[in-house]
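Q: Letter by letter, the chains look like this.
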Amino acid sequence: MFTRDQLNALQEIINIAMGQGADRLARLIETFVVLSVPKLYAVKSSEDIHQAHQKMSEQPVITTRQSFIGPFRGEVLVIFGVNGANELAELMGYVDKGEEQIKEELILDLTNLLVGACVSGICEQLKLESSTFSSPGLFFEGGSLDAFMQGKALKDSKALLVEIQFRIESHAFACELLICISDASIKAVSDAVDRLIDSV
Amino acid sequence: MIPAPNFFEGIIQQLNTGIVIVDQVGDIQFWNQFMKLNSGHDHEDVLGRSIYDIFPEIPQSWFQKKIDTVYTLQHMAFTDWKKRPYVFRFPTTRPITGEVEFMYQNCTFSPLINEQRKVAGVLIVFTDITEVAEQTLAMERLTNNLEKEKQEQQKLITKLEEAQNQLLQSEKMAAIGQLAAGVAHEINNPTGFVYSNMGSLGLMVEDLMAVIDVYEDQLCRNSTPEAQQTINQAKEKYDFDYLKEDLVNLVKESKDGIERIKRIVEDLKGFSHVGESDWQMASIHKGLESTLNVVWNEIKYKAEVEKHFGDLPEIECIPSQINQVFMNLVVNAAHSIEKKGKIVISTGQKDQQIFISVADSGCGISQEHMNRIFEPFFTTKPVGKGTGLGLSVSYNIIKKHHGHIEVDSRPGEGTTFTLWLPILQPVQVED
Ligand SMILES: Nc1ncnc2c1ncn2[C@@H]1O[C@H](COP(=O)(O)OP(=O)(O)OP(=O)(O)O)[C@@H](O)[C@H]1O
Ligand SMILES: [Mg+2]
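Line order of the protein sequences matches chains F and X.
Under my numbering, think of the first position of the first sequence as 1, with each following residue one higher.
Under my numbering, think of the first position of the second sequence as 1, with each following residue one higher.
By construction, these hints were calculated from the structure, which means they are not laboratory data.
A portion of the hints provided could be inaccurate.
The calculated DSBU-like cross-link candidates involving lysine-lysine, where the alpha carbons are at most 30 Å apart (straight line), are [what the hints assert, rightly or not]:
(1) Lys262/X with Lys235/X
(2) Lys118/X with Lys127/F
(3) Lys150/X with Lys399/X
(4) Lys302/X with Lys262/X
(5) Lys148/X with Lys103/F
(6) Lys302/X with Lys339/X
(7) Lys103/F with Lys82/X
(8) Lys235/X with Lys302/X
(9) Lys339/X with Lys300/X
(10) Lys286/X with Lys300/X
(11) Lys307/X with Lys385/X
(12) Lys103/F with Lys339/X
Using the sequences and the hints given, assemble the complete structure.
A: This is the structure:
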């Protein structure tokens, strides 16, 4: 669906977007954050998610999701460890931590931040009209992503998957983002990439 | 229709949705009619004032992080009623029929971007979703209740299964009892005539011997030496002296044997008490004796049985069931003894209760088994030897008799089971 040139350009664009995203996040929560170099995959089935993702697939996780709507359209899955984001309660403005209620709201807040930082950055770089977002929600909790995805066909069978790790070393916290771009916006993305390549 | 200049503001004021605009530090820039009606504050009153002053219940650091998110990331932020029922504590929109006190809300925070593509404010929009929340909460309650009921049912099913197992065991005992009674009845008749024949036979053998004595006496005096010699030879050949003695003994032993058969048959009948599943006044000692006779085979090589019977009145009970309990206890006691030991059975009375204790010098019961021995199917015996129902059935029989069972055990030294039973049952006997 993408040519080699397009993919290379896209990788470059997303790298820049993530750099900016990390920078903004750091300012927001006033802590040094690390975003890994994003990896791009063309996904054909849930099988690919499994492969994209072998490190974490064994462990039980909490996974949230949030969708973004616009010319750039899709869903982001954020994969947390079983502890969620409890370590970050204070950074996120929570006063009394530890309660179950807070744990859940906290990971939804964090999901929203990460998704916002990443997706807005990509839109900006691609010079696409910015997306709007649905409210984040819990996708599933407890099992491994692998077990959960087993046999579930992803709706958009040809999608672009961007895998990013997000890490706050001072708080021993890490999570993983899977940005799934829907089939429908692949054309918008490849057109935008072409425009950028041409303009260079 | 041509929109008037304040046409859009009119729309915003009329929206059945809360709309607030705040700046970077949370000072209020705008709010609509919905906010006014619910908070009681006019637009003019709140303009420029901090939202944290107007709504002191808002957790400030958390809320500020939302505003910062919008400013820093130019990104939206959300709240979800399930995690946080409300941001603004407004009274419920169903003051009469509703079940909750306040308005459930979902909030969205979005950036207002100015011409310089900078964030100029945060637009907070929230909807009243009390209706959905109430339904969802009701559903959750329902699900919880269903789950609880399901667990209760599971408990009942387990109880039912236990009851059924006990019923099966009782039925088995009843069937065995009936079989035993049938066999006993069949054996009773032939035993009867063998017994009386043996009586006659004993007398006849005595008569026969008397006649032979007369023969011998006459022979000594009147016969030829050849005749005497022939007779002596024959006597020697058949060991006549021994024969004479043994014949009497044999008949006597046979009589004893038949007597024992008679007694066992009697006891079997008494033990099974066919048809006697009624409450009646019965003697505990009789029951104990007949039970011991029935299980004698199982214990005779293992243990000597000592009886310390006190004075007991007859008690109101279902004798066949009480005998079943005795049997379970005595057999358990015998099983607990590995080689050779002692079983002491004592009885006595205390106030309106009687007790029967069965003490053995067996292996004892370990602490961790102690609170499980009355469970159905709990057994430490090999497959085929124990079903683990004995004590659970006994427990239920004693409970039905309004009594109780005490256990005292020292591992390695022995165990004492004591039954306590009231002499008379409380007034309504059948439940
Ligand atoms: N007098 C005793 N001394 C030691 N252990 C005993 C004694 N009575 C009962 N127990 C323990 O309690 C367990 C349960 O006894 P219970 O009579 O219910 O079942 P059982 O004797 O194993 O099988 P059955 O159904 O044939 O009676 C026995 O397996 C044994 O471990
Ligand atoms: Mg037993």
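Q: All hints, please: hold or fail.
A: Each hint tested on the structure:
Between Lys262/X and Lys235/X, the direct Cα distance comes to roughly 37 Å. Violation of the 30 Å bound is thereby established for this hinted pair. Taken as a hint, the Lys118/X and Lys127/F pair is honoured in the structure, with Cα atoms around 16 Å apart against an allowance of 30 Å. This hinted pair checks out: Lys150/X and Lys399/X have alpha carbons roughly 29 Å apart, not beyond 30 Å. A C-alpha spacing of about 25 Å is found between Lys302/X and Lys262/X, which places the hinted pair at or below 30 Å, so the restraint holds.
In summary, the hint linking Lys148/X to Lys103/F is supported, as the alpha carbons are separated by about 26 Å, within the 30 Å threshold. For the hint linking Lys302/X to Lys339/X, the alpha-carbon distance of about 6 Å falls within 30 Å, and the restraint holds. With a CA separation close to 12 Å, the supplied pair Lys103/F and Lys82/X stays within the 30 Å bound. For the proposed pair Lys235/X and Lys302/X, the alpha carbon gap of about 45 Å is over 30 Å, so the pair is violated.
This hinted pair checks out: Lys339/X and Lys300/X have alpha carbons roughly 11 Å apart, not beyond 30 Å. Between the alpha carbons of Lys286/X and Lys300/X the distance comes to roughly 19 Å, so the proposed pair stays at or under 30 Å and holds. The suggested pairing of Lys307/X with Lys385/X holds, with an alpha-carbon distance near 27 Å, which does not exceed 30 Å. Using a Cα cut-off of 30 Å, the hinted pair Lys103/F and Lys339/X is violated, with the two alpha carbons roughly 65 Å apart.
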